[in-house]
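Trainee: Sequence:
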Amino acid sequence: MTNPQDTNIDTESRSPLGGAQQATKVGDGTKKRGTSRWKLYTRRFFRNKLATVGLLILLGLIFLSTIGGYFTQWDYYEPDFLNLSEPPSAEHWFGTNDAGNDIYAQVVHGLGRSLTIAIVVSALTSVASALIGAGAALWGGPVEKVVMAAIHFLLAIPSFLIIALVVSGSGGDWKLLIIVLAIFGWMYPARVIWSLALTLRELDYVRAAKYMGVSRPRIVLRHLVPNIGSLLIIQFVFGVIGTVMSETALSFLGLGIKLPDVSLGTMLQDGVNVINASPWQFYFPAGVLTLLTVSMAFIGDGLRDALDPNSNSGGKA
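Residue numbers (full-length UniProt numbering): 1 to 317.
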């Protein structure tokens with residue numbers, strides 16, 4: 001690891017995970033090194049064929065969820081009473097459900113709803129876990145003990161059951177679902193970050209910042225968090241996968257998103273009941289859900305290999 005000089009705490013530093021800290025005052029050489037490093041990460045990522053395929057699939061799904069609704073005349077909540085439980089056709093590409101709703105329109109809306117929930121929850125938990133985990137490690141002493149005790153206590157609670165109880169009485173409010181999932185989703189990542197920050201806090205540039213009177217919040221934001229950036233990126237990606245599965249499970253059990261709103265989970269709940277008579281009602285949302293989770297898993301694995309300086313999976317630079 002290359003540590004900054006004592007006379008310049010704000011220079012770029014690199015953690016064992018390969019994260020880079022961007023300084024406010026850096027020379028041209030440092031900027032070029034930072035740029036080259038991210039170019040290296042990008043090349044390593046795109047040399048992973050599965051990661052590249054996953055990224056293309058994800059971009060396609062995002063495209064579908066954002067503008068896919070313009071390709072059909074039907075709204076997800078609008079029934080076609082003349083075509084109840086009809087198989088795929090030119091008018092209804094994915095067929096209709098028992099209520100006459102267009103499956104394609106519902107898949108587009110449900111995918112967008114599931115993606116929105118997953119991305120927001122994963123972003124919130126990533127930020128919270130980074131600040132809490134790194135902050136607890138830097139503060140140490142009683143603060144660290146209290147924070148870690150709270151984390152261990154919350155991890156011991158059956159969070160899925162509590163989330164189900166809270167959300168079940170909300171009438172399917174997806175915004176409340178985001179809040180509850182975020183509240184119970186930050187503890188384990190925070191513990192991982194705390195364990196890593198225990199090593200980072202002993203490095204020379206962090207000690208030098210303390211001796212120079214740099215405030216603890218600034219040290220966390222400028223020295224610790226940027227040095228775990230690669231870990232946060234990976235945690236965010238896999239957090240999206242976990243949130244999608246949690247939301248789908250809750251909605252499938254009738255405890256998450258509820259009608260008239262739809263998500264992939266609610267569509268699976270409806271489709272599984274008629275899988276023999278109307279299999280398209282189940283297989284289309286199930287296929288989209290599978291593509292989403294598998295593509296994110298490929299991307300996560302690709303990012304992990306690309307950002308890990310000890311990995312050879314991304315190929316040579």
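Careful, some of the hints might be misleading.
Below, computed lysine-lysine pairings styled on DSS-like, alpha-carbon distance capped at 25 Å [to be verified]:
| id | residue 1 | residue 2 |
| --- | --- | --- |
| 1 | LYS39 | LYS49 |
| 2 | LYS175 | LYS258 |
| 3 | LYS145 | LYS210 |
It should be emphasised that the hints constitute simulated quantities derived from the structure, not laboratory data.
Trainee: Kindly indicate which numbered hints from before are broken by the structure, ordering the numbers from low to high.
Mentor: none
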